[in-house]
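S.K.: Sequence:
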Amino acid sequence: MAVAKDMSKEVPPGDPAGRQSGLEAQTGDLGVSRAHEAVAKVRAEVDKLSEKVASLETDLRSGSWVDDKELVALTEMLMVQLLELDATEADGEARVERRVEVCRVQSIVETLDRLKARNSDPLSGTRNATAADTKSEQIKSQIGVVNAQGSLQSSTRITLDWELFD
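Residue numbering for the sequence shown follows my numbering, starting at 1 and increasing by one per position.
Because the hints were derived from the structure by calculation, they are not lab data.
Be a bit skeptical, because a hint or two may be false.
Stated by the list, open to error - In silico DSBU-like pairs for lysine-lysine, Cα to Cα no more than 30 Å straight-line:
| id | residue 1 | residue 2 |
| --- | --- | --- |
| 1 | Lys116 | Lys41 |
| 2 | Lys116 | Lys69 |
| 3 | Lys48 | Lys116 |
| 4 | Lys69 | Lys48 |
| 5 | Lys52 | Lys116 |
| 6 | Lys69 | Lys41 |
| 7 | Lys52 | Lys69 |
| 8 | Lys41 | Lys52 |
Stated by the list, open to error - Label pairs and their calculated CB-CB ranges:
| id | residue 1 | residue 2 | range |
| --- | --- | --- | --- |
| 9 | Leu160 | Thr58 | 38 to 44 Å |
| 10 | Ser55 | Met79 | 15 to 21 Å |
| 11 | Arg118 | Trp162 | 46 to 52 Å |
Note that the Cβ used here is the ideal one computed from N, Cα and C, for glycine as well.
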């Protein structure tokens, strides 16, 4: 039942059409809240994974070796979280949160890639620093011996008379 007042249509509170528009607003709010919940769930999982990445990074910096399978597994778990973020439909503030979380996950994956490169490179890091220092000292001492022998038997004469061209 509609009541007309001054050529306008008023909807009584018991009207199903009025309830439907209110239901649409609630559904929109529900979608935003679901997006916030999905991003929060991914954020919690990424927090756990980032702690593992940080511990692996400290292990590698201290000189210990980390299994590549562990690095690959962490990368794959982070990629799964990226896929979950991509599947989340969000508008407004939830979209901004999702974008920030995507950037965070990507930076952690880049960190894992650097750690994997450092772990696979035998000459990088601190674990082989002493061996590399020893080798470089041996090479320098051998070069010093060659230079000392070469300076005694040098047949090259150094002069300061330079030919000038106009």
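S.K.: Give a verdict on every hint.
M.R.: Structure-based check of all given hints:
1. Restraint check for Lys116 and Lys41: the C-alpha separation of about 27 Å stays at or below 30 Å, so the hint holds.
2. Using a Cα cut-off of 30 Å, the hinted pair Lys116 and Lys69 holds, with the two alpha carbons roughly 10 Å apart.
3. In summary, the hint linking Lys48 to Lys116 is supported, as the alpha carbons are separated by about 19 Å, within the 30 Å threshold.
4. For the given pair, Lys69 sits about 18 Å from Lys48 by alpha-carbon distance, which is consistent with the 30 Å threshold.
5. With a CA separation close to 14 Å, the supplied pair Lys52 and Lys116 stays within the 30 Å bound.
6. Distance check on the hinted pair: Lys69 and Lys41 sit about 25 Å apart at the alpha-carbon level, within 30 Å; holds.
7. Of the pairs offered as hints, the one joining Lys52 and Lys69 holds, with about 14 Å between alpha carbons and a cut-off of 30 Å not exceeded.
8. Restraint check for Lys41 and Lys52: satisfied, since their Cα atoms lie roughly 17 Å apart, inside the 30 Å limit.
9. For Leu160 and Thr58, the hinted distance range of 38 to 44 Å is not satisfied, since their beta carbons lie about 58 Å from each other.
10. Ser55 and Met79 have their C-beta atoms about 20 Å apart, which keeps the hinted 15 to 21 Å range intact.
11. Between Arg118 and Trp162 the CB atoms are about 50 Å apart, so this pair conforms to the stated range of 46 to 52 Å.
In summary, the one numbered hint that this structure violates is 9.
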